[in-house]
Amino acid sequence: MSEQLLEVNDLHTSFFTDAGEVRAVNGVSFRLDRNKVLGIVGESGSGKSVTAYSIMQILAGTGKIVSGSIKLDGRELVGAGEAVMKGVRGNRISIIFQDPMTSLNPTYTIGHQLMEAILLHTNRNKQQARERAIEMIRLVGINEPEKRMKQYPYEFSGGMRQRIMIAMALACEPDILIADEPTTALDVTIQAQILELMKDLQKELGMAIIMITHDLGVVAQMCDEVIVMYAGSICEQGTADEIFYHSKHEYTKGLLRSIPTAENNGQKLEPITGTPIDLLNMPKGCPFAPRCDHAMKICLRERAKRIQINEDHQAGCWMNERPDSSGEEAS
Amino acid sequence: MSGEKNLLEIRHLKEYFPVNVGFFRTKPLKAVDDVSFTIKKGETLGLVGESGCGKTTVGRTILQLYKPTSGEIIYDGEEVKTKAQLAAFRKKATMVFQDPYSSLNPRMTVQDIIAEPLDVHGLYRTKAERRERVLELMSYVGLNSEHASRYAHEFSGGQRQRIGIARALAVNPEFIVCDEPVSALDVSIQAQVINMFDELQEKLSLTYLFIAHDLLVVRHISDRIAVMYLGKMVELADAEEIYNRPLHPYSKSLLSSVPVPDPQEARSNQRIVLEGDIPSPLNAPSGCPFRTRCPYAQEDCAGSMPEFKEVEKGHFVACHHLDEVSSMKGGLVLRGTMTG
Numbered sequence: 001m002s003e004q005l006l007e008v009n010d011l012h013t014s015f016f017t018d019a020g021e022v023r024a025v026n027g028v029s030f031r032l033d034r035n036k037v038l039g040i041v042g043e044s045g046s047g048k049s050v051t052a053y054s055i056m057q058i059l060a061g062t063g064k065i066v067s068g069s070i071k072l073d074g075r076e077l078v079g080a081g082e083a084v085m086k087g088v089r090g091n092r093i094s095i096i097f098q099d100p101m102t103s104l105n106p107t108y109t110i111g112h113q114l115m116e117a118i119l120l121h122t123n124r125n126k127q128q129a130r131e132r133a134i135e136m137i138r139l140v141g142i143n144e145p146e147k148r149m150k151q152y153p154y155e156f157s158g159g160m161r162q163r164i165m166i167a168m169a170l171a172c173e174p175d176i177l178i179a180d181e182p183t184t185a186l187d188v189t190i191q192a193q194i195l196e197l198m199k200d201l202q203k204e205l206g207m208a209i210i211m212i213t214h215d216l217g218v219v220a221q222m223c224d225e226v227i228v229m230y231a232g233s234i235c236e237q238g239t240a241d242e243i244f245y246h247s248k249h250e251y252t253k254g255l256l257r258s259i260p261t262a263e264n265n266g267q268k269l270e271p272i273t274g275t276p277i278d279l280l281n282m283p284k285g286c287p288f289a290p291r292c293d294h295a296m297k298i299c300l301r302e303r304a305k306r307i308q309i310n311e312d313h314q315a316g317c318w319m320n321e322r323p324d325s326s327g328e329e330a331s
Numbered sequence: 332m333s334g335e336k337n338l339l340e341i342r343h344l345k346e347y348f349p350v351n352v353g354f355f356r357t358k359p360l361k362a363v364d365d366v367s368f369t370i371k372k373g374e375t376l377g378l379v380g381e382s383g384c385g386k387t388t389v390g391r392t393i394l395q396l397y398k399p400t401s402g403e404i405i406y407d408g409e410e411v412k413t414k415a416q417l418a419a420f421r422k423k424a425t426m427v428f429q430d431p432y433s434s435l436n437p438r439m440t441v442q443d444i445i446a447e448p449l450d451v452h453g454l455y456r457t458k459a460e461r462r463e464r465v466l467e468l469m470s471y472v473g474l475n476s477e478h479a480s481r482y483a484h485e486f487s488g489g490q491r492q493r494i495g496i497a498r499a500l501a502v503n504p505e506f507i508v509c510d511e512p513v514s515a516l517d518v519s520i521q522a523q524v525i526n527m528f529d530e531l532q533e534k535l536s537l538t539y540l541f542i543a544h545d546l547l548v549v550r551h552i553s554d555r556i557a558v559m560y561l562g563k564m565v566e567l568a569d570a571e572e573i574y575n576r577p578l579h580p581y582s583k584s585l586l587s588s589v590p591v592p593d594p595q596e597a598r599s600n601q602r603i604v605l606e607g608d609i610p611s612p613l614n615a616p617s618g619c620p621f622r623t624r625c626p627y628a629q630e631d632c633a634g635s636m637p638e639f640k641e642v643e644k645g646h647f648v649a650c651h652h653l654d655e656v657s658s659m660k661g662g663l664v665l666r667g668t669m670t671g
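Going line by line, the protein sequences match chains X and S. Quick note on numbering: the first sequence equals residues 1 to 331 in our numbering. Quick note on numbering: the second sequence equals residues 332 to 671 in our numbering.
Quick caveat, the hints were computed from the structure, so don't treat them as lab data. Since the model is a prediction, treat every value here as computed from it, not as a measurement. Quick reminder that beta carbons are idealized off the backbone N, C-alpha and C, glycines included. Treat each hint with caution, since some may be false.
In silico negatives: residues of chain S with every beta carbon more than 12 Å from chain X [unchecked claim]:
1) D365
2) T369
3) E410
4) K414
5) A419
6) M439
7) Y455
8) R461
9) Y471
10) S487
11) S536
12) R602
13) R624
14) A633
27 Å max Cα-Cα, derived DSS-like pairs, lysine-lysine [said to hold, decoys possible]:
15) S:K372 - S:K644
16) X:K268 - X:K284
17) X:K150 - X:K126
18) S:K372 - X:K268
19) S:K534 - X:K268
20) S:K640 - S:K423
21) S:K398 - S:K422
22) X:K268 - S:K371
23) S:K358 - S:K345
Derived Cβ-Cβ restraints for the label pairs, each shown as a range [claimed, not checked]:
24) X:K150 - S:G473: 52 to 58 Å
25) S:D654 - X:D278: 36 to 42 Å
26) S:S470 - X:K203: 36 to 42 Å
27) X:T184 - S:V642: 49 to 55 Å
28) X:Q151 - S:D407: 48 to 54 Å
29) S:D654 - X:K150: 43 to 49 Å
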């Protein structure tokens with residue numbers, strides 16, 4: 001049933017800065033199947049966006065994939081060269097960015113920018129590209145597409161610009177859509193519209209989505225599977241239900257405890273103590289150990305391997321390897 | 332926790348900004364349009380709404396960072412009007428800003444940032460006294476004394492927000508306007524700062540106006556919540572009441588739009604997805620501002636702004652068709668294309 005599209009294996013991406021090597025992504029592995037929505041959650045600096053940029057190979061100047069493999073339909077993309085990547089970007093994998101205000105060029109019309117993407121990636125001629133652009137604007141739920149084609153980005157609201165970005169990303173029918181915090185800059189009622197739209201389009205077009213976000217609410221609503229990242233590594237990975245209800249990593253548990261919900265209303269929140277990690281000075285053991293309430297000696301020495309908790313769930317935490325951790329864990 | 336006494340009373344507050352719409356022609360942008368509410372001593376009033384609804388302007392206008400176009404601000408039974416009254420008011424009412432990166436002067440050390448209100452109001456006699464007070468404030472917000480001579484850029488977002496809070500506490504205020512104080516912070520840090528607001532409120536018997544767009548955060552911290560839309564207040568009630576039984580159609584859809592961090596609930600939730608965008612406050616619709624997106628809108632909604640009235644004890648709402656709205660249960664999912 002599930003057809004594997006993308007496989008990422010032991011990916012390491014670093015930025016080589018004057019201050020030293022910043023290991024933004026540190027051994028990330030996952031697979032993505034057709035028709036699935038995979039969520040990558042984490043806080044700022046966790047490496048979730050850099051993972052996406054590594055897949056697209058659109059890293060900033062100092063960034064480099066150090067090692068690892070990224071396979072699309074079994075074909076290796078790391079080291080495949082720019083020519084191959086040009087065929088992948090836009091055609092097979094598309095990306096939409098967080099900020100719809102800055103992702104569009106203010107000096108060209110919406111139509112021009114949509115057609116540019118279509119002309120670049122397909123064999124359509126200008127007339128066909130125009131028709132396709134109009135069709136896409138209609139698809140993302142904007143009225144009067146012909147009129148909209150001639151307008152400039154400033155004439156659009158934030159939510160509408162994000163719709164245009166989605167239209168552009170989907171114009172060439174990619175197999176994978178990477179959405180990097182697509183609704184963070186939007187208001188809640190507009191966020192609800194965009195998330196509904198993405199879900200509908202995903203079903204209609206049968207693509208896979210990688211949803212990058214810091215908002216656990218968005219993850220709960222959108223994703224089939226979830227990856228939780230901290231300091232460039234995957235802490236935990238599994239189906240949404242497994243991650244939310246049977247979390248097996250102290251960071252995920254802390255994250256879930258620290259959000260206000262109906263249950264902890266009126267009580268004190270239980271925050272994760274300490275401050276986020278400095279990627280230039282990574283500790284030797286588990287990166288979360290300095291902030292973890294349950295850190296043991298071994299956590300500071302050595303990183304726990306990711307183990308299979310069950311069929312749908314993997315986690316890398318020493319707590320799971322204690323002999324008494326088999327039953328319900330007291331948090 | 333909250334006493335019965337009103338600490339702050341806002342009556343018919345209006346804040347219009349002139350916007351140029353041509354040569355020598357301006358048009359008023361009605362950022363806040365006839366808003367009235369009270370805040371009791373010791374309580375937290377949450378103020379929510381989407382961008383452009385005027386929630387930040389309300390906060391700033393109360394502290395008279397903007398001069399109100401009209402309306403009364405009554406603090407502790409006395410209207411804040413004259414210069415002397417304003418100076419005294421600002422010793423009791425302070426503000427914490429949203430962005431911990433741009434609200435701290437990069438050229439000042441932490442102790443000078445925190446002591447600035449003390450300097451302005453002349454609240455110490457000796458240097459030693461100033462230093463002592465700064466260290467006391469820093470300990471309130473969980474900063475070490477060794478941080479005092481560092482600069483803001485040496486701190487993370489959460490720590491910077493602590494500095495901003497220490498500065499707001501410097502004058503020993505009774506009332507603090509918190510303008511999106513946690514929205515720039517990561518989830519794990521956000522919870523630390525929210526707890527700190529709670530603890531400080533208890534310790535220093537503070538009253539908060541807590542402005543935010545994150546409805547889960549607002550629910551957690553607030554005793555009562557007010558919802559704004561396009562410069563108008565549309566609903567005000569106890570926090571639990573508004574979450575469990577919102578009456579205004581906008582509050583209903585706003586609350587149902589919040590993604591709940593619970594996959595099973597998310598799957599079963601019936602959400603009311605609103606059509607369209609928020610109109611520009613420059614061209615606000617006539618009558619009820621929400622009518623262009625409201626699933627229950629009827630002809631008379633265009634005619635007049637519904638009165639903001641108390642429909643049940645402590646539950647205020649502004650809607651012409653409350654009966655019809657409440658008789659229709661949730662589960663009405665509206666989807667559609669956008670116009671305009």
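Here is what the structure says about each hint:
no.	hint	in the structure
1	D365	holds (23 Å)
2	T369	holds (23 Å)
3	E410	holds (35 Å)
4	K414	holds (38 Å)
5	A419	holds (35 Å)
6	M439	holds (22 Å)
7	Y455	holds (31 Å)
8	R461	holds (28 Å)
9	Y471	holds (17 Å)
10	S487	violated (5 Å)
11	S536	holds (18 Å)
12	R602	violated (6 Å)
13	R624	violated (8 Å)
14	A633	holds (21 Å)
15	S:K372 - S:K644	holds (19 Å)
16	X:K268 - X:K284	violated (33 Å)
17	X:K150 - X:K126	holds (15 Å)
18	S:K372 - X:K268	holds (21 Å)
19	S:K534 - X:K268	holds (15 Å)
20	S:K640 - S:K423	violated (30 Å)
21	S:K398 - S:K422	holds (18 Å)
22	X:K268 - S:K371	holds (22 Å)
23	S:K358 - S:K345	holds (15 Å)
24	X:K150 - S:G473: 52 to 58 Å	holds (55 Å)
25	S:D654 - X:D278: 36 to 42 Å	violated (58 Å)
26	S:S470 - X:K203: 36 to 42 Å	violated (55 Å)
27	X:T184 - S:V642: 49 to 55 Å	violated (36 Å)
28	X:Q151 - S:D407: 48 to 54 Å	holds (52 Å)
29	S:D654 - X:K150: 43 to 49 Å	holds (45 Å)
The structure fails to meet hints 10, 12, 13, 16, 20, 25, 26, 27 from the earlier list, while all remaining hints are met.
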